[in-house]
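Chemist: Residues per chain, in single letters:
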Amino acid sequence: MTTATLPPIDGGAPFLGHLLPFFRDPVAVLRQGYQSKGKLFSFGIMGRRMNVMLGPEHNRFFFEETDKLLSIRESMPFFLKMFSPDFYSFAEMDEYLRQRAVIMPRFKAAAMKQYVGVMVEESLNLVNRLGDEGEFDLIPTLGPVVMDIAAHSFMGKEFHEKLGHEFFDLFRDFSGGMEFVLPLWLPTPKMIKSQRAKKKLHAILQSWIDKRRAAPLDPPDFFQGMIESKYPDGRPIPDELIRHLILLLVWAGHETTAGQVSWALADILQNRDYETVLRNELELVLGGSDGGNLGWEQAIAMQKMDLALRETERLHPVAFILSRKASSDIERDGYTIRKGDFVLLAPSVTHRMTETWVEPDRYNPERFNAERDDAQIESNSLVGFGGGVHRCAGVNFARMEMKVVLAVLLQNYDMELLDEVKPIAGAGTYWPAQPCRVRYIKKARSDAKGADIAEMAKAAGCPVH
Amino acid sequence: MAKITYIQPDGSERTCVNFEGMTVMHLAIGNLVDGIDANCGGMMQCGTCHVYIAPEWADRVGPPSTDEAAMLEALDGVEIRPTSRLSCQIQLGEELDGLVVEIPPDQPGI
Chain W
8 MTTATLPPID GGAPFLGHLL PFFRDPVAVL RQGYQSKGKL FSFGIMGRRM
58 NVMLGPEHNR FFFEETDKLL SIRESMPFFL KMFSPDFYSF AEMDEYLRQR
108 AVIMPRFKAA AMKQYVGVMV EESLNLVNRL GDEGEFDLIP TLGPVVMDIA
158 AHSFMGKEFH EKLGHEFFDL FRDFSGGMEF VLPLWLPTPK MIKSQRAKKK
208 LHAILQSWID KRRAAPLDPP DFFQGMIESK YPDGRPIPDE LIRHLILLLV
258 WAGHETTAGQ VSWALADILQ NRDYETVLRN ELELVLGGSD GGNLGWEQAI
308 AMQKMDLALR ETERLHPVAF ILSRKASSDI ERDGYTIRKG DFVLLAPSVT
358 HRMTETWVEP DRYNPERFNA ERDDAQIESN SLVGFGGGVH RCAGVNFARM
408 EMKVVLAVLL QNYDMELLDE VKPIAGAGTY WPAQPCRVRY IKKARSDAKG
458 ADIAEMAKAA GCPVH
Chain U
185 MAKITYIQPD GSERTCVNFE GMTVMHLAIG NLVDGIDANC GGMMQCGTCH
235 VYIAPEWADR VGPPSTDEAA MLEALDGVEI RPTSRLSCQI QLGEELDGLV
285 VEIPPDQPGI
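Listed in order, the protein sequences are those of chains W and U.
All you need for our numbering is the position in the first sequence, starting with 1, plus 7.
All you need for our numbering is the position in the second sequence, starting with 1, plus 184.
Bear in mind the hints are in silico, worked out from the structure with no lab data behind them.
All figures in this text were calculated on a predicted structure; none of them were measured in a lab.
Virtual Cβ for every residue (Gly too), placed ideally from N, Cα, C.
Check the hints yourself; a few may be wrong.
Selected chain U positions facing chain W (in silico; Cβ < 7 Å) [stated by the list, open to error]:
| id | residue |
| --- | --- |
| 1 | 185 |
| 2 | 189 |
| 3 | 202 |
| 4 | 203 |
| 5 | 205 |
| 6 | 210 |
| 7 | 275 |
| 8 | 277 |
| 9 | 278 |
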């Protein structure tokens, strides 16, 4: 057996290793690794070895070996602090499976139908708030909408009256607990804030659970369903678990989608040719409406928007690294990864490798158009939502939601970017840095009616309808 | 790219294209292919993503792992064939371009 480690990146301080550069700009460290060492390389952070794997083949290995040679549970210690040791992927396997069985059915693509109305309603609320013209900053404006959609979908309509945007701020603090680099016992201000926000959020959620138990909603929404749901063996789910589950759903859905949809709009506004393609598609599907007629069928029919969202996922994956821990020694291409080492995928770098992509830095959604002969659609190449058994459970929800928010904005406004768009610094979720302002003005809408999508689809023999 | 064709019990077909990090199960779910439920989300715990691999593809896809075979054996009220697989356990790659799977008439109830 070989003992060579994956080629280490040059530089790095004693013991600290690449901590400081990684803390400042993690993607730059990963890119440097790729440029100087290739698809497999490693670097150190405070004595821990980080092994990075790039490209479709290694992505596939990483996905296939998760829960086998690679452990997901031990790779995200911050998760334990934000939630609980008995929760989700930190729980014992049996308990994890019981919990997952409660969550998964709610995110099947077909189950999305019931959420589209909520997504449209909250997007139109944004249009109401924005009015006819003005300026908005991407993240502080779209972030709360994404939170509204998640909160409305998972905690019921009444969250509006009770909390408004205090919730958004509490969640931002809570999210600060996502710490990849520093030790978790370190009482940093953001760690203390996160723990304080967690306590508050739990207290608020418990009071809502108590209310719903006293006066159940009929017909039940998602929240009511969750409160009344049982494990496969018939036991009721404890309240603490319901609180963790709801927090996880709103947190996971918000933290990532807020960034991704902001990038998507910024990308569209920087690529006017494709904006025209999208506007033409919207005109065909929705006519001159404000988006109020957008339903499940219309969303499915927005295929150009699908391509645009995939291109943004490629260029700006908000989950820019995925991490696992080696559960035993692993041999890969003549190198050894030691048990206990971290193994990382880096969508941020993998998505721009010249081996996989033509003109990787160019925004070109049509590269994903499977009907084109020159489509760039190698398996395991686009991995913004992860892959394998632990692929993001909310991917269908997220894509639907982004489609709706973007469609409603484009139907109502002409927009232009006022600031240069660049990624936020530091090792958090990869959001566009603030300020990133958009100037908007209500656009003239045509009187065209939207296409009869169901009829069109039937004529084309589409089996979804 | 890998194009996967799903055949329903009534003979109707759907072909879907994978370029993400998906399994045969994820591709079906993402494209609203009927008959694959995947209640447990791909953890080999429910058996509700059971498919039959088309005979000409069986060798290339390969047999189930020990755990998967044990799960398949434990399924009630479902016809298990030598080509039976849990679709959540088949990670897609280019070598499976053209793969054909048949969806059984029923998935096990849990």
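Chemist: Each hint: holds or not?
Modeler: So, going through the hints one by one against the coordinates:
1. 185: holds (4 Å)
2. 189: Cβ of residue 189 (chain U) sits 12 Å from chain W, so the hint is violated.
3. 202: holds (5 Å)
4. 203: holds (4 Å)
5. 205: Cβ of residue 205 (chain U) sits 2 Å from chain W, so the hint holds.
6. 210: The hint holds - residue 210 (chain U) has a Cβ within 7 Å of chain W, the shortest such distance being about 6 Å.
7. 275: Where the cut-off is 7 Å and the nearest Cβ of chain W is about 5 Å from residue 275 (chain U), the hint holds.
8. 277: Since chain W brings a Cβ to about 5 Å from residue 277 (chain U), closer than 7 Å, the hint holds.
9. 278: It holds, given that the least Cβ distance between residue 278 (chain U) and chain W is near 6 Å, below 7 Å.
In this structure, only the earlier hint numbered 2 is contradicted, and the remaining ones agree with it.
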